[in-house]
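Visitor: Same order as they appear, the protein sequences are chains R and C. Per this note's numbering, residue 1 is the first one in the first sequence, and the count goes up by one each step. Per this note's numbering, residue 1001 is the first one in the second sequence, and the count goes up by one each step.
Note that these hints are calculated values from the structure, not bench results. For glycine and all other residues, C-beta sits at the position ideal for the given N, C-alpha and C. Some clues are possibly wrong.
[What the hints assert, rightly or not] Heads up, simulated DSS-like pairs for lysine-lysine below, C-alpha to C-alpha not over 27 Å straight-line: (1) Lys57(R) - Lys14(R); (2) Lys1042(C) - Lys14(R); (3) Lys9(R) - Lys1106(C).
[Unchecked claim] Label-pair ranges, simulated between beta-carbon atoms: (4) Thr15(R) - Arg1028(C): 38 to 46 Å; (5) Gln22(R) - Gln1031(C): 28 to 36 Å; (6) Tyr1051(C) - Phe10(R): 33 to 41 Å; (7) Asn1108(C) - Thr15(R): 35 to 43 Å; (8) Asn70(R) - Ile1018(C): 45 to 53 Å; (9) Lys14(R) - Glu1057(C): 44 to 52 Å; (10) Ser51(R) - Glu1057(C): 30 to 38 Å; (11) Arg96(R) - Glu1005(C): 26 to 34 Å; (12) Asn62(R) - Ser1082(C): 36 to 44 Å; (13) Leu69(R) - Ile1018(C): 26 to 34 Å; (14) Thr15(R) - Glu1015(C): 44 to 52 Å; (15) Thr54(R) - Tyr1051(C): 44 to 52 Å; (16) Tyr1039(C) - Asn65(R): 29 to 37 Å; (17) Thr86(R) - Ser1008(C): 14 to 22 Å.
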Amino acid sequence: NAGVTQTPKFQVLKTGQSMTLQCAQDMNHNSMYWYRQDPGMGLRLIYYSASEGTTDKGEVPNGYNVSRLNKREFSLRLESAAPSQTSVYFCASSERQGSNQPQHFGDGTRLSIL
Amino acid sequence: QKEVEQNSGPLSVPEGAIASLNCTYSDRVSQSFFWYRQYSGKSPELIMSIYSNGDKEDGRFTAQLNKASQYVSLLIRDSQPSDSATYLCAVNGYNFNKFYFGSGTKLNVKP
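Just chain C, with the same shape it has in the complex (with noise of 0.2 Å):
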C-alpha cells in the first residue's frame, strides 16, 4: 500500500468551474499535509499546506482535512486555463522530516 494515494486522472473540468482533488494516506500518525502544482516540465510548487482538521482558504484555493478519514482534499474554485497541471499531495512521515508524494493528479481545464 502506497503512503500516499491519488487518482491519476486525467480530471477534465469547464473554465469557471469547481474542480476537486483528493487525497488519502495511510500513516495516522501524519500531521502535515501538502498540496503542490506541478506545470509540465517544471519543479513542484507550493499552494496549500494544511495541519488541523477542516477547511483553509487562499483566494480561489480550499484545501480540506479530515484525519479520521485519512482524507485531504484541495478544492479549485472558477477553475481557469491556467491551472491546468498535475497536483501533487504531499504527507508528513513517522520520520517528520519525510514527506511522502502521491503520484499526482492530472487537471485540465477546458476554455
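So here's chain R without its partners, still in its complex pose (with noise of 0.2 Å):
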C-alpha cells in the first residue's frame, strides 16, 4: 500500500529552469496539497486541491503552479526556478475537505537550486 507518492526525491536546478514535481496517492482521497517545509520555518501551504477539478491558493503560491491532473495526481510545477525556492515540498493528501480530516504525506521531494 504505497499511500503518498513523489517523484523524483531529490533533483538540483540551475537558476531559470523549469520542473514539475509529480504527486500520486492510491486512498481514493478527494483532497490534496502542496507544502514547502524550511528550517526554522515548518509547513507552508503552496497550493490544494478541495477535490478533482478545482485548485486554491495556500499561504505562498507565487512562483508556483498546480494542476489536478485528476483524483489520483497532482502536480507542482516551477516556471523559473529561484534560489528562494530551495526546500523540501511534500505533497499531502486527506480523505476529503473538512476540518477533521488528518492528512497523509509523501516522503518529499528535496530540491536545490543553484
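Please dock the two separately framed chains into a single complex, following the hints provided.
Guide: Structure (C-alpha cells):
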C-alpha cells in the first residue's frame, strides 16, 4: 500500500530552469496539498485541491503552478526556478475537505536551486 | 503573529520521563488540532488528533486542548529514545481545508 508517492526524491536545478514535481495517492482521497518546509519555518501551504477539478492558493503560491490531473494526481510546477525555492516539498492528501480530516504525507522532494 | 506557535526547543528529557510539548494558536474559530511526529529527513506522520476540550489518550500519548486559552499540548509518558524527533502542531484555519503548522519542537530523549 503505497499511500502518497512523490517523484523525484532529489533534484538539483539551475536558476531559471523549470520542472514539475509529481504526486500520486492511492487512497481514493479527494483533497490534495503541496507544502514546502524550510528550516525554522515549519510547513507552509503552497496550493491545495479540495476536489478533482479545483485548485486554490495557499500561503506561499508565488512562483508555482499546480495541476490536478485526476483524482489521484496533483503536480507542482516551477516555471522559472529561483534560489529562494530551495526547499523540501511535501505532497499530502486527505479523505475529503473538512476540518476533522488528517493529512497523509509523501516522503518529500528535496530540491536545490543553484 | 504566526497562526501556530511552538517552542523550537530542543527539549531534553531522560528516558522514562514525561515529555510535555506545547502549542498556542491565534484563530479562535479553529476546530481541529493535530500532532505530527517528524524524524530527521523524513515526512510528518500523524500521532494524535483532538477536537474537543479536555484530554485524549492513545497509548503513551495524551493530547490536551483548551480552546478558551487557545492552547493544545502533547504529553508523552515513559519517553523512549525512539521518541526523539520534531513534533509539529497543526491547526485548521478559517477555511477548514487549510491547516497551519507550527515550526515544531525538537525532542531529545536521553538514554
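Visitor: So, for every hint listed, does it hold in this structure?
Guide: Okay, the hints, checked on the actual structure:
1. Lys57(R) - Lys14(R): holds, 25 Å
2. Lys1042(C) - Lys14(R): The hint holds at about 25 Å.
3. Lys9(R) - Lys1106(C): holds, 24 Å
4. Thr15(R) - Arg1028(C): 38 to 46 Å: Between threonine 15(R) and arginine 1028(C), where Cβ atoms are some 42 Å apart, the hint holds.
5. Gln22(R) - Gln1031(C): 28 to 36 Å: About 32 Å separates the Cβ atoms of glutamine 22(R) and glutamine 1031(C), which means 28 to 36 Å holds.
6. Tyr1051(C) - Phe10(R): 33 to 41 Å: This hint holds: roughly 37 Å between Cβ atoms.
7. Asn1108(C) - Thr15(R): 35 to 43 Å: holds, 37 Å
8. Asn70(R) - Ile1018(C): 45 to 53 Å: holds, 46 Å
9. Lys14(R) - Glu1057(C): 44 to 52 Å: Hint holds: Cβ distance 51 Å, inside 44 to 52 Å.
10. Ser51(R) - Glu1057(C): 30 to 38 Å: Once the Cβ atoms are compared, 34 Å apart, the range 30 to 38 Å for glutamate 1057(C) and serine 51(R) holds.
11. Arg96(R) - Glu1005(C): 26 to 34 Å: With a Cβ separation near 29 Å, arginine 96(R) and glutamate 1005(C) satisfy 26 to 34 Å, so the hint holds.
12. Asn62(R) - Ser1082(C): 36 to 44 Å: holds, 39 Å
13. Leu69(R) - Ile1018(C): 26 to 34 Å: About 46 Å separates the Cβ atoms of leucine 69(R) and isoleucine 1018(C), which means 26 to 34 Å is violated.
14. Thr15(R) - Glu1015(C): 44 to 52 Å: holds, 47 Å
15. Thr54(R) - Tyr1051(C): 44 to 52 Å: Given range 44 to 52 Å: violated, Cβ gap about 25 Å.
16. Tyr1039(C) - Asn65(R): 29 to 37 Å: For tyrosine 1039(C) and asparagine 65(R) the Cβ distance comes to about 31 Å; the hint holds.
17. Thr86(R) - Ser1008(C): 14 to 22 Å: At 21 Å between Cβs, range holds.
Figure legend: structure checked against the earlier numbered hints; hints not met, in rising order: 13, 15.
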